[in-house]
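Protein chains: 2
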Amino acid sequence: MVLPSAEESLSRPSLPAGLRQDLVDVVGAEHVLTDSRTAGYVVDWTGRYRGFASAVVRPRDTAEVCAVLALCSAAAIPVVPQGGNTGLVGGGVPRAGELVLSLGRLDSLGPVDRAAMQVTAGAGVTLAQLADAHPDLDFGVAITSRHSATVGGTIATNAGGVRVLRNGPMRAQIRGVEAVLSDGTVLSHLSGLTKDNTGYDYPSLLAGSEGTLAVVTKARLRLVPRLRDPIVAVLGLPGLAELHGLAIRALQEVPGLVSAEFFTRTGLDILLRNTDLTPPLDAPAEAYLLLEASDAGALEALAELAGNLPVAVGHGAADRARLWAYRERHPEAAGFLAPPLKLDVSVPAGRWVELATSVGDVVTAVDPGARVITFGHVADGNVHVNIAPAAEVDGRHQDAVFSYVASLGGSISAEHGIGALKADWLPLSRTAAEREIFARVRAAFDPAGILNPGILPR
Amino acid sequence: MVLPSAEESLSRPSLPAGLRQDLVDVVGAEHVLTDSRTAGYVVDWTGRYRGFASAVVRPRDTAEVCAVLALCSAAAIPVVPQGGNTGLVGGGVPRAGELVLSLGRLDSLGPVDRAAMQVTAGAGVTLAQLADAHPDLDFGVAITSRHSATVGGTIATNAGGVRVLRNGPMRAQIRGVEAVLSDGTVLSHLSGLTKDNTGYDYPSLLAGSEGTLAVVTKARLRLVPRLRDPIVAVLGLPGLAELHGLAIRALQEVPGLVSAEFFTRTGLDILLRNTDLTPPLDAPAEAYLLLEASDAGALEALAELAGNLPVAVGHGAADRARLWAYRERHPEAAGFLAPPLKLDVSVPAGRWVELATSVGDVVTAVDPGARVITFGHVADGNVHVNIAPAAEVDGRHQDAVFSYVASLGGSISAEHGIGALKADWLPLSRTAAEREIFARVRAAFDPAGILNPGILPR
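Protein chains in written order, with UniProt numbering: chain A, 1 to 458; chain B, 1 to 458.
Quick caveat, the hints were computed from the structure, so don't treat them as lab data.
Among the clues, some could well be false.
Output of the computed footprint for chain B on chain A, the stretches with three or more beta carbons under 8 Å from beta carbons of chain B [what the hints assert, rightly or not]:
1) 28 to 36
2) 49 to 57
3) 158 to 164
4) 199 to 210
5) 270 to 277
6) 343 to 353
7) 431 to 437
Reference listing, derived: stretches of chain A covered by chain B, where coverage requires no fewer than 3 residues with Cβ under 8 Å from a Cβ of chain B [unchecked claim]:
8) 80 to 86
9) 247 to 256
10) 281 to 288
11) 380 to 394
C-beta: ideal position from N, C-alpha, C; glycine also.
Work the whole structure out from these sequences, hints included.
This is the structure we're talking about:
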């Protein structure tokens, strides 16, 4: 894949002057960015995806989003909706001159409805703002990028994170959505009903649609009770099979289990060499299971579960953060070795051990010098496969990992989405009939075909 | 609404002879029912909806479903998919000569995957069979009709029930679906992945689509840990405002809360007069809150919550069943007075007390002799409004209740669906833009327009 350099990007032709003026009339001149002012919006944070934009338009509210989309529809200008730009698969950056619709200014956060445990948030509100909105309530989705990742972007990607086990992904937090179709029509259903069987659940469809169906402008979101004095434990295990067995037992036996995460000696050793982290346990283990739980009885259940295994337990906030850091800093590990390739796959529970054990060999079979760091979520079948490649990144690593995952009945994208990174491999996870229905649904929402046209191709 | 009598229905013309033979060739002569043999399939169990069918076809597997649908598509014969026929809004019975596609024979239940806590079930498996599939695991959705209601039907209606609070509705149980489009194409994604962001989540869309998008033939479903020694408490309260306040507190304070249900003196008195039930508490109360919880600490939390309120607590299975009967038999209550009209609405949490308190007056304003029994789910905003009418059922009751609910920002169907009963009132809950996108999504799935054509009209 050859992408233009930043210099090339900025020299590309811009919008028709008439359209540019129309956009300025809608959002104001200071919110129609062109040329070098688009720089922060045309590259993703991994640096792997860098395109160019005819303009970046920053509406401040739903009405402006409608007007901008109606103009783009009429002019057949492709649009890439963008939230906090923390995506990992190149789904939110322009590729070849699309208009970037940045939703960051839709950042109004309504009052928390304590009885309903809900709040209405604009697309530009960050997940950290949601988590901090009320002292007794928390947001159900916790991801490392929560200080930048926004409501709109995380709905579009159906973000997962470390509490899916307890709270489900973004899709499960949605109690209502306001979204704008490509022709400027508003779909709105925000009253926050927990039960509502009055037609098709299009909010669930928008979750994970990667900006291809409609532009989410607001959401009514559920909040969850804030954990009271949660306990975090990091256990050392001799291998991944033992780790998986213990995690499955934890699911059954630990009351109020919120997270069951893992990492391995490989990734930990890299972090210990390159950061200020110190070893979590007295002696190194091959595999590490991090459990967080909050209910009464959790501590006894954890102790029972741990038996004679080495374990570190964190009670207070600082202690918990210290233990979580071993897991949360794992996305950095591969980057200490080489510009990393980050894959994110899931398999059925019965194949998890096989995946986690063998995926490293699958990679080194096509790139003998590669280093492979695995970590992630045990209980939901999700493994993050971060690769520090030695050979050229020409698709061979992805081919190998995704084909292997498909052979296990798994998904080539557990939580990051398809985006640009995985588009070529979608047929490994979805049949021709499924991709055909995707295309028909997409045409139903966006007949003009202007929304994120490079993403989720057939 | 004038519906044909059973005699009229059976005299209507039948299928073209050529198509009938083709169907016989697919499913066998004993599974193509016509004339009087369709009787059990053309009336819903409330008796309110009675149509006629050109035939009832009972395929035994997915391949036969595909073949039948391909034949119907080619001949432009409308099809009504039918599961256990326990629907309450006339969504699963034919109206005017459609072909009924009965999925009851797709009743294979796969082995329980203990580690994944999942099972694959045919569309004709009942929810009771799912609940009984493994000694340590239960199915997350519990509805009164569980011995007849099937996987296919409850996905199509997104059934709710008394554990939505803990487990969510049917949509939240789905880990994969196999479904057949009207042209016979199979969509299949059954490997049971908890996290899978590879395109549009069409299983969530099929949930609640009332048989209008595709015919669900199988589902991969999550199971939940079976409750260990749950506790049931029925508390007597002086009014609905106090009841709602206590339920909201219970949500926060009772660990492992599974259900928060309510009924009132009105319904209870009718049941006490007409059944063998005896009063739950020493003295009558105006409103009754039923709570079920299972975790360690639940009993103490319930005792703390109850304070000095009158309360009956059930520990063993028989005792719990005795207390649940007060709630579970409420759907019968209105029927002791008159052929009942059963409405099912929800409102935002902040409007629940208003709804539950005033809906009776809203009904008697249009039918002064009507008796109104309310009961249902407190924590999710859902109230079942059962009416024993005195005046003719000509739409006035529905007009009054649904308009009132819409004025509160609520839904005219919390869990039963739209079906035939509520079709005329859909615009109260959904905007023109939403109904337009429904129509476009429907055309994307079923371009021939043969699936349940009378249901979910624009």
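8 Å C-beta criterion, at least three residues: is the stretch 343 to 353 of chain A covered by chain B: It holds, with 5 qualifying residues against the three required.
Residues of the stretch 380 to 394 of chain A with Cβ under 8 Å from chain B, three needed, outcome: This one holds; 3 residues, not fewer than the three required, reach chain B with a Cβ under 8 Å.
Whether chain B covers the stretch 270 to 277 of chain A (at least 3 residues having a Cβ closer than 8 Å to its Cβ atoms): With 0 residues closer than 8 Å to chain B, the stretch 270 to 277 of chain A misses the three-residue bar; violated.
Given coverage of the stretch 199 to 210 of chain A by chain B, checked by CB-CB distance under 8 Å (3 or more): holds (count 9)
Whether chain B covers the stretch 247 to 256 of chain A (at least 3 residues having a Cβ closer than 8 Å to its Cβ atoms): Per the Cβ count (5), the hint holds.
Within 8 Å of chain B's CB atoms, at least three CB atoms from the stretch 281 to 288 of chain A: coverage verdict: With 0 residues in contact (Cβ-Cβ under 8 Å with chain B), the coverage given for the stretch 281 to 288 of chain A is violated.
Chain B over the stretch 431 to 437 of chain A, status - at least 3 residues with CB closer than 8 Å: Holds, because 6 residues of the stretch 431 to 437 of chain A bring their Cβ atoms closer than 8 Å to Cβ atoms of chain B.
Check of the stretch 28 to 36 of chain A against chain B for coverage (Cβ-Cβ below 8 Å, three residues minimum): violated (count 0)
Verdict on chain B covering the stretch 80 to 86 of chain A, where coverage means 3 or more residues with a C-beta closer than 8 Å: Result for this restraint: violated, n = 0.
Within 8 Å of chain B's CB atoms, at least three CB atoms from the stretch 49 to 57 of chain A: coverage verdict: violated (count 0)
Assertion that chain B covers the stretch 158 to 164 of chain A - criterion: three or more residues, beta-carbon distance below 8 Å: With 3 residues close enough to chain B, the hint holds.
Figure legend: structure checked against the earlier numbered hints; hints not met, in rising order: 1, 2, 5, 8 and 10.
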